[in-house]
Amino acid sequence: MLQKLYSSRFTPERNYQIAKWTFFVIALLLIAFAYVDVGTISIGSNNYNLSLIRLNKAIAYTIAILGLQVVIGYTGQIALGQSFFFGTGAYISAWLIADHSWPFLLTLLIVIPSCFLIGMILGLPALRIRGLYLALLTFGLAAVFPSIVKLDKLYGYTGGAGGKLTSNYKFIAPSWLPFDEVAQALQKIPLLGDFFGDGPLSTREESRLWKFILFSLLAGLCFWLVHNLIRSRPGRAMRAIRDNETSAAVSGVNLALTKTLSFGVASALGGIGGAIYVAEIGIASPDDFSSLVAIYLIVGLVVGGVGTLPGAVIGGLIYALVPDWASSTQSIAFVPERWLQGPTGSLILGVLLIVLTLFLPGGIVMGWRKFKTKLLGKELSTAR
Amino acid sequence: MDLFLQRVFDAITNGSTYALIAVAMVLIFKATTLINFAQGEQAILGAFAVLQLWYWGIPMWGAVIIGMLFSAVLAAGLERVFIRKFDPADHLPLVIITLGLFLVINAIAAIVWRFDPQSFPQLFPSGNAFTYNNVRLTWYSIFAFGSCVLVLVVFQTLLTKTKIGLAFRAVSSNLESSRLSGIKIGPTLQFGWALAAAAGTLGASIYAANPVLQIEPSMMLRALIFSVSAAALGGLDSLWGALIGGLTIGFVQSVVVQYIPFIPNEMSLSAAVVVLLIVLTLRPSGVLGTKAVERV
Amino acid sequence: MTTPLLRVERLEARYGPVRVLHGIALNVYEKEIVVVLGANGAGKTTVLRSISGMVETSGLIEIGGESIKKLNPSEIVRRGVAHVPQGRGTFPELTVEENLKVGAFIRNDKDINNDIETCYESYPVLYERKTQAAGSLSGGEQQMLAVSRALMSRPKLLLMDEPSLGLAPQIVEDLFARFVTMNQNQGTTMLIVEQNAQLALDIAGRAYVLESGEITLEGQAEELAKDDAIRRAYLGA
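Protein chains in written order, with numbering that gives the first Met the number 0: chain V, 0 to 383; chain E, 0 to 295; chain R, 0 to 236.
Check the hints yourself; a few may be wrong.
[As the list claims (entries may be wrong)] Calculated lysine to aspartate or glutamate pairs in the DMTMM-like style (CA-CA distance at most 25 Å, straight line):
#, chain 1, residue 1, chain 2, residue 2
1, E, 160, R, 213
2, E, 162, R, 116
3, R, 129, E, 175
4, E, 183, R, 61
5, E, 84, R, 127
These are calculated hints, taken from the structure and not from any lab test.
The structure presented is a predicted model; accordingly, all values stated were derived computationally and were not measured.
Could you put the whole structure together from the sequences, leaning on the hints where they help?
Written out as structure tokens, the structure is:
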């Protein structure tokens, strides 16, 4: 009976949504202020980093995974080469910042359309190539990206194997933002104040905080746009293709247009993610965009949940944090040290990928929804 | 002319090793229309096992044979645990599972044997079999090619002359009728996986035994791309097509290396992907493959 | 004629949420030819697939008094049930001879080659083409090969799913004549599912009519052939 009252036309649901999002934003800001400096969590003798650097990287991955949600999750095309577009966006942005002194936000105006176009063009073969063949080809694309940017001919643009530094551009927080005031106010909170450091923020801290807020806003914008796209006419066409390509074509869906659009959007999102990644770490270097990255992004997609938007956030966090924390883990009882020093993160991600595909095909998000349904007896929303 | 001849020999050397991995992919694709992204990693794990056995004092070729058996058993296990429960027509979970296996196997190989390149023992006599001016044909090239042909002949015989081979081909031809003829599908496909892994391990061992290369956990990633292109060129479902595809890719690689003054190795990988793109776009059934019949 | 070779009771089958069969009962006795008639979508194919263990079912299916319900397809073949599926039940990439060998997959005896010879004697066309890929045969030849392939397992019961589908009328007549010969000479028991009622009723001893997943009529084939409803529905009279 209850759920009938809470249908979306009624205000309580609306208020609940507003409250939920307000809470989310406040929590995000609190985390930002708490971890603006190098924040660590210690478990045993291991220290785990939770600084904003990790979270900013997570945002970059999240947006790239959001692109995979569009093309794999909602259009059903097995495109594995997201690292290609992640890299393309990163390098275009780095080139404009380093060689032409463009501000970061302005580079997006070039990154987005060019990645969109490249994605559409590279998506053209996908009109003929389907299923596994597409997976193969896109994986090949991901594999060649580092060698393309290392080409001598492109050295002037990409910096070759050494990469392209973008540290000439500094993120300076606008002076009207009351960062210091907020920080000091938070520090005065009894008991919890210690979490928020001491004294006013340094310029570096302010810059980091500003980046986090900027990237979060960008991510929010991307999510909002994708959310609307999925519910629009082209979005319905995408889902129709995913569910059954033949019947979608028969019911008048323009396969060519919808698929290339989906590839374009996915690639543009990959490009934005790459631009943010470079803005965070300050250099675009070839090996940061290898085919391993393409696979990790797939891990993020699957672990978060294929075909769910919040899944991209979880996926981004997992990609940014799991390998990093795995390499920070220096000792665990009963585990030989050798197993902690190798690519443990890769091992964990691989195991996660397999275990989730076997036992929880909808990823963490669908798992949580099922759990909530069981707990509250709410009806599971079928509109994915 | 000398240069060209030398290039042909190089092409044969590289092409043979790609062909062996390609054969492994073809075997699995033939039966299940699945592309195993972990094939290269399974192969490198097998090659490391060979290396380990050799460290323990087992003669080289004995080690190779035990290593092939080991990877065959492992692959049969992987098929049973991770692959069989999925619907073969639903590609995404299968691609994801093989990508997961890729990460896990790669990580385990790196943890156990470390990332540092190690030299792999010689499998074949060293030196040149034939020299003419500047053209050298090494024994390694001859034996690599010979092993590849030998493997293909053995597989061809297994698939045409034995009962399980016949069953395997029946399953790849018509799944329903195979089931109705009393063939147990699961174990038959498992046999394909085991055979594929054995071929892969041999391929990776020969690849690593190349006098100019050393073995390291990620060496198969590049080879995987070349092999995939080779397999696609051969039509993904033909054993001999894999050999011809492998030789062609090897040839493209050598020609590109010689004629284009870019960073050579880096461009050859791109060339392989371009070949893949062209083949898949223009002739998805490959140059030698059987034309696919869309079964509804 | 005490225990039927095949006994089916209260058979229900579903594909996902859709129930296709609603409690079917039918018997096939040894050396009989039994026909199940029905329009498209009546569930004819599902009846055969249920017997072969290819679909989830509930109810009772017995071969020679023993339940085969819990067995998987490969075990059911070993109990003596051969099934020629709809369309071409052949392996197009394999040669004719290999097709026959696959048919004998469950056997390990020495008579396999003899049986192949026997098969070639009855179908010289197959002998001529024994090294050709089955996919290169004509439709009628492929159907013959599919039937021969099924017979290679030396079944007690042969299930045939619309053997006439897609074949020219003369070829169908020839094929059905061969079924009769097979039945008379070797005593092969057959359960045939058909839309082509005219020919099927000619060669069958008994027949069932299946409509929307239920048996609506059953009886001797000759009597059903005279039944007005049948004539209107299936014989175009």
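* Asked: Holds or violated: are the alpha carbons of residue 129(R) and residue 175(E) at most 25 Å from each other?
  -> Holds. Residue 129(R) to residue 175(E) sits at ~22 Å (cutoff 25 Å).
* **25 Å limit on alpha-carbon distance, applied to hinted pair residue 84(E) and residue 127(R)** => Given pair residue 84(E), residue 127(R) is violated - Cα atoms ~42 Å apart, limit 25 Å.
* Pairwise hint evaluation, residue 61(R) against residue 183(E), where the allowed Cα distance is 25 Å at most -> Holds - the C-alpha atoms of residue 61(R) and residue 183(E) are around 22 Å apart, at most 25 Å.
* For the pair supplied as a hint, residue 162(E) and residue 116(R), confirm whether the alpha-carbon distance does not exceed 25 Å. => holds (19 Å)
* Between residue 160(E) and residue 213(R), does the CA-CA distance stay at or below 25 Å? -> violated (47 Å)
Figure legend: structure checked against the earlier numbered hints; hints not met, in rising order: 1 and 5.
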